[in-house]
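Heads up: the protein sequence lines correspond to chains A and B, in order. Per my numbering, numbering through the first sequence is continuous, rising by one, with the last residue being 608. Per my numbering, numbering through the second sequence is continuous, rising by one, with the last residue being 932.
These are calculated hints, taken from the structure and not from any lab test. It cannot be assumed that every hint is accurate.
[What the hints assert, rightly or not] Rough simulated footprint, nothing fancy, chain B against chain A, three-plus residues with beta-carbon under 8 angstroms:
hint, segment
1, 127 to 141
2, 214 to 224
3, 237 to 246
4, 446 to 453
5, 500 to 506
[To be verified] Sample of chain A residues facing chain B (criterion: CB under 8 angstroms; computed from the structure):
hint, residue
6, T97
7, D171
8, P173
9, L200
10, Q206
11, S207
12, Y209
13, R439
14, K442
15, D512
16, F516
17, T520
18, E604
Glycine included, each C-beta is placed from N, C-alpha and C at the ideal position.
So you can see what is in the structure, the chains are spelled out below.
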Amino acid sequence: MSTRRNFLTMPNLPRRRFLRGLAAGGVLMGLSPWLKPEWAHAADTATGSAPVLTGTEFDLTIAETPVNFTGTPRMATTINGSIPGPVLRWRQGDTVTLRVTNRLAVDTSIHWHGILLPFQMDGVPGISFPGIRPGETFTYRFRVVQSGTYWYHSHSGMQEQTGMYGAVIIDPPGKDPIHADREYVVQLSDWTDEHPMRVLSKLKMQSDYYNFNQPTTAEFFRDVSQDGVSAALAKRRMWNQMRMNPTDLADISAYSYTYLMNGVTPAGNWTGLFRPGEKVRLRFINSGAMTFFDVRIPGLKMTVVQADGQNVDPVTVDEIRLGVAETYDVIVTPKDDAYTIFAQSMDRTGHALGTLAVRAGMTAAVPAMDKPEPLTMGDMMGDMGGGTGGMDHSAAQGRASAAGGGTPGAAAHGGMAMDHSQHAIGGGMAMGAGTVRVRHAKSEYGPSVDMRVDTPRTNLDDPGIGLRNNGRRVLTYAELHTIGGPLDKRKAEREIELHLTGNMERYSWSFDGLEFGRSTPVHFRHGEQLRVILVNDTMMTHPMHMHGMWSELESPDGRFQVRKHTINVQPAQRVSFLVTADALGRWAWHCHLLLHMDAGMFREIVVA
Amino acid sequence: MMNSKYIFIAAATVFWMSSAWAQEPATPAMPEMDHSQMDHSDVQGRTSVAEDRMSGATKMGHGPVSESTPQVDHDMGSMDHGSMQGGSPPPDARDPHAYSGGYTLPPDRPLRMADEHNFGSLMIDRLERVRTRDNSSTVYDLQAWYGRTYDRVVLKAEGDVDDGKLQDAHTQMLWGHAISAYWDTQLGVRHDSGEEPSRTWLAFGVQGLAPYWFEMDITGYVGEHGRTALSIEAEYELLLTQKLILQPRVEANFFGKRDAERETGSGLSDLAAGVRLRYEIRRELAPYIGIERSSKFGGTADFVRAEGKQAKETRVVAGLRFWF
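Sequences are here, hints too, so could you generate the full structure?
Next comes the structure, spelled out in structure tokens:
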């Protein structure tokens, strides 16, 4: 029913296109005059079964390949001719050599996401290396020092959006402590037939272009009849006064996107087979350019055993939100028949799906999509403490979940003469709840910033917008504990606070109100242990990815929580994590929403 | 009756605008807005944060990083904790470059993100056929821009064509510069052409989005021989559904002096208030219909009546809104 409703309220959604897809998969190898079959033996033309390459030497060729996901042929950027690119299977301790040949007319690059390596091998053009010119072959060579599920993608232009991504699986040197009878990579992504630069240019013109779930007068009058005029007005006052939109959940919706699982449209129904009773390990990777996926398998519990490649204390849940670039490994034990792996987009306009089944061709019921949930006042103001006029009912929810502990933000704000540096280093004072003092940057008081949060929440037990009260057990960061604790037991010597900022109307994104072009690098002293504090002064969740070094997330009371390469920072939330600056060189640090990065939410880190 | 109603609308608009501005960083005093401001270093010089930045920037051997927030007036009230937008930085605000350790981005770096790219757009807001009781004509109103997020060239043009002849056209070429989250200042020239003698003006104004989503465009003009003018446009978009949008629109023009050649009197010259209902086939393409009440006032009304025409008329419009 709710799916039906969604389509009614989003009349522009191209339902036919979304369902049509091509069952055979996206890449039309046979039609490709652009590719010579020099490596074709390594390429499986059907998407959904990306070839697995193992060993220590790899040859990867980047080229344009025609695809058809929607009924309209388009050119994609592929690695060895498939979407996703080949699964690269490495072994921890090996030194791998990857020769990447560029057969495009423009520069390209591959970034090994989450992999610790010398910065020259990191693959960010303009920061770690010059990029790979057309016709050139660049050789990446580095020792693999970690294990787990990771991925790789282009860091050049919009190539990632046009299909250039693949999975990396690194086996530990000995026996994998995680036991499974079989395993599948489940790589989620989003595809648009539009040129990604055109998408960005449209958003520059009208930032809500793809949002067909905006508040309407019809809804207003419905609220009036249900709750009365003043309640209906109050519900909208703050948002309208601030020129913000409570349904601003995703910049690009299914209006343009087709969501893929292992490169296959929902109509194509990617299928993983199992024998009843087997323990199946699913390696979820969100390779979307702009889409948060909420993943569940109705009828199955998922036991999360790994997050961003790092083994965690097992936690069993019904649903996981995958921020862009995050990976989660889960164990499921399917009993019989078939199960749908259902990955709906955070804005609930579409989904990727696939099937776990005992035989090919089976399907299970596809659940209805959830209704999109509007952002709450808490998503705008954080921990509101004393309360604010014009608060709506939904705000209570945000506040309740924010009440995980600590002094209301308002108190922290009340002129407490707390010296920033003191509380950073001084006597092990607990970070987070109760001690929050936000310091906005000077550059946040200008045209690049449309909102600032003075009293952010610090709770990690909030699954995020759209998942708060859905009756399912949803994973939160508060439940993730990396096995073995932090890598470096030192306390932070220094604290760096940066704010995630933006201006929705101008479609500009930044750190501290400064887009990349106006920014200066962040300097980490080589070897130091530092605490990074991110405060989200926007209404969108940003998956923040620091290259080259781990981000070790802290709980609100300052204890080690989980080691990650990508951390979702929710609206009006403050997170802190420790970084050991042990990787000399120049690194990128950015929001992994591709267009946020490109619009300027990007900083360089210099470790020296 | 109608007169006072329109004057009330105009007055309410102005009043409402000024109250809206009270919540925004005040616009810089217009006389200061000269072309020299386009030079970033000059903007820096006026910026309250510039001084302490300067030393750091010099140390880094690199031009001052642009933080081109013009110096703004601002009341202390907006610094209280209820303020989540606008305002100016408190004294203890962080220096966003404090963590740089003297490192800068190489000026010749090959990595350029979209914030350093130019974008552009052409929006034909109204291309409409207008019917009054005894005439029909065609009106156009477009706005184009090219440039970056905070500085861009803006072209605005509007006019009406009757019997294949351009009756009255206003064309403006402006430099748009962002001064706050939702407001741009605009500075440039306007040229009036058409049937009557042409006029050229210096134009200075603000365009942006006021609280509660009112789109505003307010521009003052200074012409030859001490002529002055003011134009105010306000639009609102009411989403009846996701694609059916009702747009009330008010436009008023004021002149400082009587201009007999162009048949305008001084004071409020004309005011149009209407609603248009459009259906967005795509975001970029929307046909619409609408109705508008147009009134001339004062001396301008006298000129119109002297020609035997009505000073007030109701117009039925049908047109197309599209952009690329």
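Open item on the list: Would the hint on A:P173 be counted as holding, given a Cβ-Cβ threshold of 8 angstroms to chain B?
Closed with: Violated, because the Cβ-Cβ distance from A:P173 to chain B comes to roughly 36 angstroms (cut-off 8 angstroms).
Task: chain B covers the segment 237 to 246 of chain A, three or more CB atoms within 8 angstroms, holds or violated - done: With 4 residues closer than 8 angstroms to chain B, the segment 237 to 246 of chain A meets the three-residue bar; holds.
Open item on the list: Min Cβ distance, A:E604 to chain B: is it shorter than 8 angstroms?
Closed with: With a closest approach of 7 angstroms, the A:E604 hint holds.
- [ ] Grab the minimum C-beta distance from A:L200 to chain B and call the hint holds if it beats 8 angstroms, violated otherwise.
- [x] 6 angstroms, holds
Open item on the list: Under 8 angstroms is the threshold here; is the Cβ of A:T520 close enough to any Cβ of chain B for the hint to stand?
Closed with: 4 angstroms, holds
TODO: Establish whether the coverage given for the segment 446 to 453 of chain A by chain B is satisfied; the threshold is a Cβ-Cβ distance below 8 angstroms, and no fewer than three residues must meet it.
DONE: holds (count 8)
Open item on the list: Verify this for me: three or more residues of the segment 500 to 506 of chain A with a beta carbon less than 8 angstroms from a beta carbon of chain B.
Closed with: Satisfied; 3 residues make the cut.
Open item on the list: Using the nearest Cβ pair, does A:K442 come within less than 8 angstroms of chain B?
Closed with: At 4 angstroms from the nearest chain B Cβ, A:K442 passes the 8 angstroms test, so the hint holds.
Task: Interface restraint verdict for A:D512 against chain B (beta-carbon cut-off 8 angstroms) - done: 4 angstroms, holds
TODO: Answer holds if the nearest beta-carbon of chain B is closer than 8 angstroms to that of A:D171; otherwise answer violated.
DONE: 34 angstroms, violated
Task: A:R439 as an interface hint toward chain B, with CB separation required under 8 angstroms - done: Constraint on A:R439 satisfied, holds at 5 angstroms.
TODO: Closer than 8 angstroms, Cβ to Cβ, for at least three residues: run that test on the segment 214 to 224 of chain A against chain B and report holds or violated.
DONE: Three-residue rule met by the segment 214 to 224 of chain A, so holds; n is 5.
The earlier numbered hints that this structure contradicts are 6, 7, 8, 11.
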